[in-house]
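Top line first, the protein sequences correspond to chains D and U. Going by numbering that gives the first Met the number 0, 230 is the number at position 231 of the first sequence; the sequence numbering is gapless. Going by numbering that gives the first Met the number 0, 188 is the number at position 189 of the second sequence; the sequence numbering is gapless.
A couple of the hints might just be wrong.
Copies of the same chain look alike in the list, so a pair counts if it works inside one copy or between any two.
Stated by the list, open to error - Derived SDA-like pairs (lysine to any residue); straight-line CA-CA distance at most 25 Å:
hint	residue 1	residue 2
1	Lys79	Gly106
2	Lys244	Tyr219
3	Lys275	Val134
4	Lys201	Val70
5	Lys244	Lys275
6	Lys275	Ser251
7	Lys188	Ser73
8	Lys50	Pro94
9	Lys167	Gly321
10	Lys47	Gln202
11	Lys273	Ser251
12	Lys79	Asp69
13	Lys120	Thr105
14	Lys303	Gly183
15	Lys167	Glu44
16	Lys78	Gln194
17	Lys19	Lys303
18	Lys120	Asp38
19	Lys244	Glu185
20	Lys167	Asp30
21	Lys244	Lys273
22	Lys201	Glu149
23	Lys188	Asn67
24	Lys2	Ser39
25	Lys273	Arg215
26	Lys268	Arg255
27	Lys188	Arg28
28	Lys292	Asp11
29	Lys43	Asp11
30	Lys201	Asp68
The set of hints was computed from the structure by calculation and includes no laboratory data.
Protein chains: 2
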Amino acid sequence: MLKIVVDAMGGDNAPVEIVKGAIQSLKERNDFSLVLTGDSYLVKEELKKYKYDISRVEVVHCTEVITNDDVPTSAVRTKKDSSLVVGMKLLHDDPEVGGFVSAGSTGAVLTGGIMLVGRIKGVMRPALCPAIPNVRGSQTLLCDCGANAECKPQYLAQFGVMASAYAKAAFGVQNPRVGLLTNGTEEHKGDPLHQEAHQLLKQTDGVYFVGNVEGRDIMYGDIDVAVSDGFSGNVALKAIEGCGKTVATVLSDSLRASFSSKLGYLFVKKPIGKLKRMLDYSRMGGSVFLGLKKVVVKSHGSSKAKSICPSVVQAVDAYRNGLIDMIAQNLQTESPAEEADA
Amino acid sequence: MLKIVVDAMGGDNAPVEIVKGAIQSLKERNDFSLVLTGDSYLVKEELKKYKYDISRVEVVHCTEVITNDDVPTSAVRTKKDSSLVVGMKLLHDDPEVGGFVSAGSTGAVLTGGIMLVGRIKGVMRPALCPAIPNVRGSQTLLCDCGANAECKPQYLAQFGVMASAYAKAAFGVQNPRVGLLTNGTEEHKGDPLHQEAHQLLKQTDGVYFVGNVEGRDIMYGDIDVAVSDGFSGNVALKAIEGCGKTVATVLSDSLRASFSSKLGYLFVKKPIGKLKRMLDYSRMGGSVFLGLKKVVVKSHGSSKAKSICPSVVQAVDAYRNGLIDMIAQNLQTESPAEEADA
């Protein structure tokens, strides 16, 4: 049976919310089992709170935790008995394990992914790829959103290939429309990095490149994939996150100020709830770390159960839908950029 | 009397909305007069629609218009009788003219500003600086948001100096808190450009540098100025714009779906209106083009009267509050970066 490893100690709300979310995910999909890595005493205390099929949950004890204060590279090297390192080694070694989910340090997940899981042949730089809800009710993939602050044009072209495979495998988009995130839609816009990336993306077979897009296009839904360098992708992702939270705060405050009666709130509960759900992209799961030999999902550091559950489901589905093979295949056949890098 | 020149032919809604907004601004401030540049027949036809003190409005006839299809550099050189070039020359030549407002081509405003108005002594690169509403009900200045897609660390340090002067002059912020927009709050985050800019900003006397900030911090209001390269600043600005518009659309749609009666809408009209006003940053005017010898305000290309009016007021206030002198003075005394560039 397919196994998904969950880093039970990673993130601000570990292990309480991580275990809760992981157990919830068992109800969402029937055909997999969980491996929880972490302090077995703490994890088992949490597990006692829930009813579940015990044949579907295994706990692997580890004594260490990698925190945000650790330097990622050395932590991955030295904390060999941490929930993250043990989990990623399981992912690498055990053919039954199809995916790994962590809400721990982003740096450690990235470093561990590259060092312990390894890159798919031909991948220059793996990239973080979240799904952002858009106004059409679907999602736009933003790739890269922070794994690579410094990029070469060839990396960006490859992000387009990998994210297209992800859009097909995870969301069933037949011919994903790919835009390049820049400071204007005209072809000549941007710095030399983006100008060269534009030309490469044009030539990349199998990538349906629609040209440059702007920050606003991420949520308009006219594209399925926004390719970006990890620096500006991260800025865009967090700008959207900040705007969403600001809107939710202002709206709640002003509604509270206006509605003294419960009756009044009844009128707006449903539409406001719909908006909040739309802005709350935690329900869409985490960012998939594209380009690794196996499925790695990085959930937000502040993840609660409602984000961990879809992250596990995301890992199950990505594995089942053949994400890794699709990326490997697309890279071999579609990318002229593959050989352009040393 | 102080004169503000308005490019009556610039933007998608010229001259109708431009003239309308300019006339509205006369009511907001008493102590200035307008100079409208453009086709005098068209402009005067618009003026006929309004009641105003004719001694406060002058029309300067020009025969040409610079459009978004023009190449900015050559258009500014060759279309000498365009509303933009004539307006900027007036700004440069006439000591009574204190500011210029245009909703025309951004590229042409930037090129014209540098070629026809000129930079303050010591300014390496002028920068576009919009004010973005934040959750605290005040505003965060984002500098640069698109004038310079490629930057050097010294430019970024100077953006901090110029935007601090603007925060003081235009918004009365005594000691503006300045953050550097990057992909993480830790000091080492970002690419070499931002790592070096971080060190320079630390050493810049008179800039109250609070460290790296993320995209989400723009709307949280814990900083007054976000310094950014023009590429990622533009991405952030437009990501926020897109998120705001998406929220407004989803909210309107779901409210319409829920409220069939007018009674229901009455309950939510006020709080929703408050939110929409907050998200509608057009009411805050345009982006000031900081670093020029005179005040230039670039209003959004799709500006209607409600954006043009505050843009003109912004120009009046920036002039009256001594923005230009404050930038010149701060650059001489505060920036170690000034001499670092060729």
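Structure-based check of each hint:
In the homo-oligomer, the alpha carbons of lysine 79 and glycine 106 lie at most 25 Å apart inside one protomer (16 Å), although the nearest pairing across protomers, at 55 Å, exceeds that limit. Taking identical chains as interchangeable, the C-alpha atoms of lysine 244 and tyrosine 219 lie at most 25 Å apart whether they share a chain (18 Å) or sit on different chains (9 Å). In the homo-oligomer, the alpha carbons of lysine 275 and valine 134 lie at most 25 Å apart both inside one protomer (13 Å) and across protomers (17 Å), since each shortest distance falls under that limit. In this assembly of identical chains, the alpha carbons of lysine 201 and valine 70 lie at most 25 Å apart only when taken from different copies (24 Å versus 38 Å within one copy).
Within a single copy, lysine 244 and lysine 275 get their C-alpha atoms as close as 9 Å, and across copies as close as 15 Å, so both meet the 25 Å cut-off. For a Cα distance limit of 25 Å, the shortest separation of lysine 275 from serine 251 qualifies both inside one copy, at 10 Å, and across copies, at 13 Å. For the identical chains of this complex, lysine 188 and serine 73 are inter-copy neighbours only, at 17 Å across copies versus 39 Å inside a copy, given an alpha-carbon limit of 25 Å. For the homomeric pair lysine 50 and proline 94, neither the shortest alpha-carbon distance inside one copy (28 Å) nor that between copies (80 Å) is at most 25 Å.
In the homo-oligomer, the alpha carbons of lysine 167 and glycine 321 lie at most 25 Å apart inside one protomer (10 Å), although the nearest pairing across protomers, at 56 Å, exceeds that limit. Taking CA atoms no more than 25 Å apart as the test, lysine 47 paired with glutamine 202 passes in neither setting, with 55 Å inside one copy and 55 Å between copies. In the homo-oligomer, the alpha carbons of lysine 273 and serine 251 lie at most 25 Å apart both inside one protomer (14 Å) and across protomers (11 Å), since each shortest distance falls under that limit. For the identical chains of this complex, lysine 79 and aspartate 69 are intra-copy neighbours only, at 13 Å inside a copy versus 61 Å across copies, given an alpha-carbon limit of 25 Å.
Taking the shortest Cα distances, lysine 120 and threonine 105 sit within 25 Å of each other inside one copy (23 Å), while across copies they are farther apart (44 Å). In this assembly of identical chains, the alpha carbons of lysine 303 and glycine 183 lie at most 25 Å apart only when taken from different copies (21 Å versus 37 Å within one copy). Taking the closest pair of Cα atoms, lysine 167 and glutamate 44 never come within 25 Å of each other, the shortest separation being 40 Å inside a single copy and 56 Å across copies. Taking identical chains as interchangeable, the C-alpha atoms of lysine 78 and glutamine 194 are never at most 25 Å apart, the minima being 42 Å within one chain and 29 Å between chains.
Taking the shortest alpha-carbon separations for lysine 19 and lysine 303, only the intra-copy value of 8 Å comes in at or below 25 Å, while the best inter-copy value is 51 Å. Proximity of lysine 120 to aspartate 38 under the C-alpha cut-off of 25 Å is found in neither arrangement, the shortest distances being 35 Å within a copy and 63 Å between copies. Taking the shortest alpha-carbon separations for lysine 244 and glutamate 185, only the inter-copy value of 22 Å comes in at or below 25 Å, while the best intra-copy value is 31 Å. Taking CA atoms no more than 25 Å apart as the test, lysine 167 paired with aspartate 30 passes inside one copy only; the shortest distance there is 22 Å, against 61 Å between copies.
Taking the closest pair of Cα atoms, lysine 244 and lysine 273 come within 25 Å of each other both inside a single copy (15 Å) and across two copies (16 Å). For a Cα distance limit of 25 Å, the shortest separation of lysine 201 from glutamate 149 qualifies both inside one copy, at 21 Å, and across copies, at 23 Å. For the homomeric pair lysine 188 and asparagine 67, the shortest alpha-carbon distance between copies (14 Å) is at most 25 Å, but the shortest distance inside one copy (37 Å) is not. When the C-alpha separation of lysine 2 and serine 39 is checked against a cutoff of 25 Å, the pair qualifies only within one copy, where the shortest distance is 18 Å, while the shortest distance between copies is 75 Å.
Taking the shortest alpha-carbon separations for lysine 273 and arginine 215, both the intra-copy value of 21 Å and the inter-copy value of 22 Å come in at or below 25 Å. Taking the shortest Cα distances, lysine 268 and arginine 255 sit within 25 Å of each other both inside one copy (12 Å) and across copies (13 Å). In this assembly of identical chains, the alpha carbons of lysine 188 and arginine 28 never lie at most 25 Å apart, being 45 Å within a copy and 38 Å across copies at closest. Proximity of lysine 292 to aspartate 11 under the C-alpha cut-off of 25 Å is found in neither arrangement, the shortest distances being 27 Å within a copy and 50 Å between copies.
In this assembly of identical chains, the alpha carbons of lysine 43 and aspartate 11 lie at most 25 Å apart only when taken from the same copy (19 Å versus 64 Å across copies). Taking the shortest alpha-carbon separations for lysine 201 and aspartate 68, only the inter-copy value of 23 Å comes in at or below 25 Å, while the best intra-copy value is 42 Å.
When each numbered hint is compared with the structure, violations occur for hints 8, 10, 15, 16, 18, 27, 28.
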